[in-house]
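Chain A is already provided as a structure; the job is to place chain B on it using the hints.
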Amino acid sequence: MSTSPATAASRPTSIRTAAGDILAVTRRNVVHLWRTPQLLLLSIVQPIMFVVLFGYVFGGAIQVPGGDYLSYLVPAIFVQTVLFGGASTALGLATDLKGGMIDRMRTLPVARSAVLAGRTTADLLRSAMAFAVMIIVGTLIGFRFHGSAGATILGCLLILAFGYAFSWLFVVIALAVKDPEAAQTAGFVPLFVLVFASSAFVPVETMPQWLQGFATHQPFSVVVDAARALFNGLPAWEHVWPALVWIAGILVVSVAAGVGMYRRG
Amino acid sequence: MTGSMDVMIETRDISKRFGSTVALARVSLQVKGGRVLGVLGPNGAGKTTLVRVLTTLMAPDSGSAHVAGHDVVRDAASVRPLIGLAGQYAAVDENLTGRENLEFVGQLYHIPRRERRERAQEILQKFGLVDTADRLVRTYSGGMRRRLDLGASLVARPPILILDEPTTGLDPRSRVDLWRSVEALVADGTTVLLTTQYLEEVDRLADSIVVIDRGAVIAHGTADELKDRLGGDRLEMVVATAARFADAVEIASRLPDGSGPSVAPVLDAAQRRITVPTRHGTLALTAAIRSLDEAGIALENISLHRPSLDDVFLALTGSTAEDRAPADAPRRRRGLPARRSRS
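Respectively, the protein sequence lines represent chains A and B.
For the first sequence, the numbering used here begins at 968 and goes up steadily by one.
For the second sequence, the numbering used here begins at 202 and goes up steadily by one.
It should be emphasised that the hints constitute simulated quantities derived from the structure, not laboratory data.
Mixed in with the good hints, there may be bad ones.
[Unchecked claim] Below, simulated SDA-like cross-link-like pairs (lysine to any residue); rule was C-alpha separation at most 20 Å, straight line: (1) B:233 - B:315; (2) A:1145 - B:219; (3) A:1145 - B:258.
[Unchecked claim] Across the chosen pairs, the derived CB separations fall in these ranges: (4) A:1146 - B:229: 44 to 54 Å; (5) A:1146 - B:323: 35 to 45 Å; (6) B:337 - A:1143: 28 to 38 Å; (7) B:373 - A:1016: 28 to 38 Å; (8) B:313 - A:1006: 25 to 35 Å.
[To be verified] Heads up, incomplete: computed chain A residues facing chain B, CB under 10 Å, no partners named: (9) 984; (10) 987; (11) 988; (12) 990; (13) 992; (14) 994; (15) 998; (16) 1002; (17) 1062; (18) 1066; (19) 1069; (20) 1070; (21) 1073; (22) 1076; (23) 1171; (24) 1175.
For each residue, glycine too, the CB sits at the ideal point set by N, CA and C.
Here chain A stands alone, though its shape is the one from the complex (with noise of 0.2 Å):
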């Protein structure tokens, strides 16, 4: 074998070659989806059993301004899907962490944040397939898109992006804690809080005084009720700004200290 250094690889200089770097970890993240299918299985699994459990078994006990629960839940169930798609950005991250894939990865010249990159964007392909799926499921039980078209595809991409942010937030906590059982741990109390301090099953205004503060204006709350204004043709700009601060604000300052963790090591 010769060992001419002339064959070691080019330094990424360029926007293409990085751009390139993102794409091939992104089609390596890709192929693992396709190599698992249980973990997209149990991404779609999940939000079934909330549309069943609130759709059937708690729905009929809850009452919701306009009286449709289905049209209340679903959108609900549509961010939550994503939320938890973001959320599995921590265990294979975390999991690439301690296989040490990731320090090999970071000895290559690869572009820094192409490996970052690739994983949350191979997530929001993910996401983006329980979505659809979701979105069928949905149809399939009743519910029906009542906005315009402009709106049902604005609310899809608020969806997919909020998401996408959530993912860079859970690059973060991955990235802090360096071990998939600790990644998911640490991300379920956050989520859990989420999820249910908020106006996704429930009405905000049934909740006590003290919690109905946080569960208005918190990220997941604002989101599903911009989804859900503009899914059911409402009026939805006083939701849809509030939501588009949250996913930059969140996108902004997790990409920052992600890329700024990844790099230090």
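Below, chain B alone, put in the same frame as chain A:
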């Protein structure tokens, strides 16, 4: 000298602490082009920290490290294309096939598609992985993973290879296979820094050796120089009957050593065991057998030991490597991998 092209790896007084733990304490070392440096030390000695600094994964608190003349902190991007890293935790992707792993690494090195396919095939052949190339790595044995890991570090033909305990946890046969692979790379001119707990490994692979303990270099030199400090091999004999023990000791203390005054044998009368440090092991062994036979003294056992890592540590620090290993580290079976007996 950092500027010299001949020195491929150089650290100067690098130190690193994690809280109150000192991982590296003013470590200085040098590896010339085409040579192999073995970094020998017990678990927790700082070997992995050293590797992480040299491979740009971690910045030292103080001191400087250069690889191929590039500063590993300020010019990490220039270092990365020149190094390959293979470690004790085989960093291969469980859910990809062996071939996909290699092609993925090639892609991250920005090697054109056709070239990286050829390169992957070449490496699979070299490491005897062709038959299993298209199986998922999660079905591989430990030895296969380690070979694939080493192969993955060679995709871009790096002139410098850094191996962090490459054979820890491998069975003897896989270990020898891996040694052969490293030897072949060195024959082609690759510069290697390898860390290990096994004296036998540095003995076989390394041109020079650095012994580290608690983050500090406590000895350096060639294998021969280190062994000289230890008094070379150990000849151990167990006399069959207690009645002839004294006679056997008398013979043992007159064995040829050839390097100045003979070192006194270590005696264990209860076990009827005599241990003689010797620099000319085979010479002493044949002489002992001949003299004892002539005197009509029967032996239960006679063997020649290479010094183990424990012996190195005993000689250098007065305590064994195992005493130094952190409590949570897996305990090495005493002497087993590092000691070779010839009887």
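Hint check results:
1. B:233 - B:315: Judged against 20 Å, a Cα distance of about 34 Å means the pair is violated.
2. A:1145 - B:219: 16 Å, holds
3. A:1145 - B:258: Given pair residue 1145 (chain A), residue 258 (chain B) holds - Cα atoms ~15 Å apart, limit 20 Å.
4. A:1146 - B:229: 44 to 54 Å: At roughly 34 Å between Cβ atoms, residue 229 (chain B) and residue 1146 (chain A) fall outside 44 to 54 Å, so the hint is violated.
5. A:1146 - B:323: 35 to 45 Å: This hint holds: roughly 36 Å between Cβ atoms.
6. B:337 - A:1143: 28 to 38 Å: Holds: the Cβ-Cβ distance is about 30 Å, inside 28 to 38 Å.
7. B:373 - A:1016: 28 to 38 Å: This hint is violated: roughly 51 Å between Cβ atoms.
8. B:313 - A:1006: 25 to 35 Å: 33 Å, holds
9. 984: Because about 6 Å separates residue 984 (chain A) from the closest Cβ in chain B, which is inside the 10 Å limit, the hint holds.
10. 987: Interface hint status for residue 987 (chain A): holds (7 Å vs cutoff 10 Å).
11. 988: 6 Å, holds
12. 990: Given a least distance of 9 Å, the restraint on residue 990 (chain A) holds.
13. 992: The hint holds - residue 992 (chain A) has a Cβ within 10 Å of chain B, the shortest such distance being about 8 Å.
14. 994: With Cβ-Cβ at 8 Å, under 10 Å, it holds.
15. 998: 6 Å, holds
16. 1002: 4 Å, holds
17. 1062: 9 Å, holds
18. 1066: 7 Å, holds
19. 1069: 8 Å, holds
20. 1070: Check passed: Cβ of residue 1070 (chain A) comes within 6 Å of chain B, closer than 10 Å.
21. 1073: 6 Å, holds
22. 1076: Nearest chain B Cβ about 4 Å off; hint holds.
23. 1171: 42 Å, violated
24. 1175: Given a least distance of 43 Å, the restraint on residue 1175 (chain A) is violated.
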